[in-house]
Amino acid sequence: DVKVTQSSRYLVKRTGEKVFLECVQDMDHENMFWYRQDPGLGLRLIYFSYDVKMKEKGDIPEGYSVSREKKERFSLILESASTNQTSMYLCASSLWGTEQYFGPGTRLTVT
Amino acid sequence: SQKIEQNSEALNIQEGKTATLTCNYTNYSPAYLQWYRQDPGRGPVFLLLIRENEKEKRKERLKVTFDTTLKQSLFHITASQPADSATYLCALDILGGYSGGGADGLTFGKGTHLIIQP
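Going line by line, the protein sequences match chains A and B. Residue 1 is where the first sequence starts when you use this note's numbering, and the numbers rise one by one after that. Residue 1001 is where the second sequence starts when you use this note's numbering, and the numbers rise one by one after that.
Next up, chain B with everything else stripped away, as it sits in the complex (with noise of 0.2 Å):
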């Protein structure tokens, strides 16, 4: 069966350092790789999409590597901050959708939830 892992327990990472989340999928070939932040009670908000055919993608202090031999995404956030601690969604595409017509059904992982301490 279809399957991505993060993380499932509370990440803490230091202010300042690097905080480094991981997504695996297996039973997949994503055209493209999600990632998303969730505050509580509040709906997701996009971070960055990488295609297959990218390596790397940065944004600001973000940066997302995707490793389709691997099946694996790392998403990176550099000199830390206590508001960067949130949840952390990973998704992927389902390539030709339930439809078969290239439709954009998402499926999640369940997320990491990073702890940014002062």
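Next comes chain A alone, as it looks inside the complex (with noise of 0.2 Å):
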């Protein structure tokens, strides 16, 4: 079975801190992608990469960067975390013109 990992189920960051979200899939999938979910808002696509060292914005990439150094791995960065990014946020990975496999979430709250 595929398997997408994230590296914290809940996270409490201050206004400003720059923090830091992990996600490790084990299917060598090329494409990798950082969701975020709100109520009413659905998920919306922040970044995505088709390879090592690649990457695209999605439709809402503005206070956040990503990087993907190896193929299995792909973080997401928040510069200066704001109260307006308190979310879930999903991470998925892909072979092309396939479904998806979604980690199982990151609760980030932003106080």
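One should not assume that every hint holds.
Which residues of chain B face chain A? A few of them, derived with a C-beta cut under 10 Å, are [claimed, not checked]:
id, residue
1, A1031
2, F1046
3, R1061
4, A1091
5, G1111
Below, simulated DSBU-like cross-link-like pairs (lysine-lysine); rule was C-alpha separation at most 30 Å, straight line [unchecked claim]:
id, chain 1, residue 1, chain 2, residue 2
6, A, K18, A, K53
7, B, K1110, B, K1059
8, B, K1110, A, K55
9, B, K1057, B, K1003
10, B, K1017, B, K1071
11, A, K55, A, K70
12, A, K57, B, K1017
13, A, K3, B, K1063
14, B, K1003, A, K55
15, A, K55, A, K71
16, B, K1059, B, K1071
17, B, K1057, A, K13
18, A, K71, A, K3
19, A, K13, A, K71
20, B, K1071, A, K57
21, B, K1003, B, K1063
22, B, K1110, A, K3
23, A, K70, A, K57
24, A, K3, B, K1057
25, B, K1059, B, K1003
26, A, K57, A, K18
27, B, K1059, B, K1017
28, B, K1110, B, K1003
29, B, K1063, A, K57
30, A, K70, A, K13
31, B, K1055, B, K1003
32, A, K71, A, K53
33, B, K1110, B, K1057
34, A, K3, B, K1017
35, B, K1017, B, K1110
Since the hints were made in silico from the structure, they are not lab data. We put the beta carbon where it would ideally sit given N, CA and C, even for glycine.
Hints are included, so try docking the two chains, each in its own frame, into the full complex.
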């Protein structure tokens, strides 16, 4: 079975802190994705990557950056966390043209 | 602008009946459409993928149809059970992706909350 793991299930950070969310997949997938999910807004794509060191902006990249140094690992970085970045963050991976496999999510609260 | 619409209100269905969920979209020409199930506090789980040249796809009690003329997909759960209660999301690929290289960015609908009552 494909497994996508995220570094934390729950995280509480202060405004202005730098936050790292880590995601690891074990199925050699080319594509990896970061989404955030908010009530009433659904899942929104922040960034994705289709190869090591490659990244593409999604719908809402502002305030975020990403890093993919190894194929299995995709990190989301909040350079200076703000309260409007309180959300559920979901990582996913996939092969080309196929379904996405999601991690369990990280619920981030910024106070 | 691009838009995906799913029933925003909860759908209540009696156990044993067929549940039908709708996904409508505008301004897309997706190469495929996917359906996911999401339980509270968990990540979405893939259910079915249907391509633009397919009219219907089945998997056990699940059936998906895809009408590219109507820009609509219907998702059916037959012989529904209380364990089918969840939020169901439809998602479209954006052909050509953000990079133009066919990358697989998906856009999700907001989901329909399905409740199967015993």
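Each hint tested on the structure:
no.	hint	result
1	A1031	8 Å, holds
2	F1046	4 Å, holds
3	R1061	19 Å, violated
4	A1091	8 Å, holds
5	G1111	6 Å, holds
6	A:K18 - A:K53	21 Å, holds
7	B:K1110 - B:K1059	23 Å, holds
8	B:K1110 - A:K55	25 Å, holds
9	B:K1057 - B:K1003	23 Å, holds
10	B:K1017 - B:K1071	26 Å, holds
11	A:K55 - A:K70	13 Å, holds
12	A:K57 - B:K1017	42 Å, violated
13	A:K3 - B:K1063	26 Å, holds
14	B:K1003 - A:K55	24 Å, holds
15	A:K55 - A:K71	12 Å, holds
16	B:K1059 - B:K1071	22 Å, holds
17	B:K1057 - A:K13	44 Å, violated
18	A:K71 - A:K3	14 Å, holds
19	A:K13 - A:K71	28 Å, holds
20	B:K1071 - A:K57	26 Å, holds
21	B:K1003 - B:K1063	23 Å, holds
22	B:K1110 - A:K3	25 Å, holds
23	A:K70 - A:K57	19 Å, holds
24	A:K3 - B:K1057	26 Å, holds
25	B:K1059 - B:K1003	27 Å, holds
26	A:K57 - A:K18	20 Å, holds
27	B:K1059 - B:K1017	17 Å, holds
28	B:K1110 - B:K1003	11 Å, holds
29	B:K1063 - A:K57	33 Å, violated
30	A:K70 - A:K13	26 Å, holds
31	B:K1055 - B:K1003	21 Å, holds
32	A:K71 - A:K53	9 Å, holds
33	B:K1110 - B:K1057	22 Å, holds
34	A:K3 - B:K1017	34 Å, violated
35	B:K1017 - B:K1110	24 Å, holds
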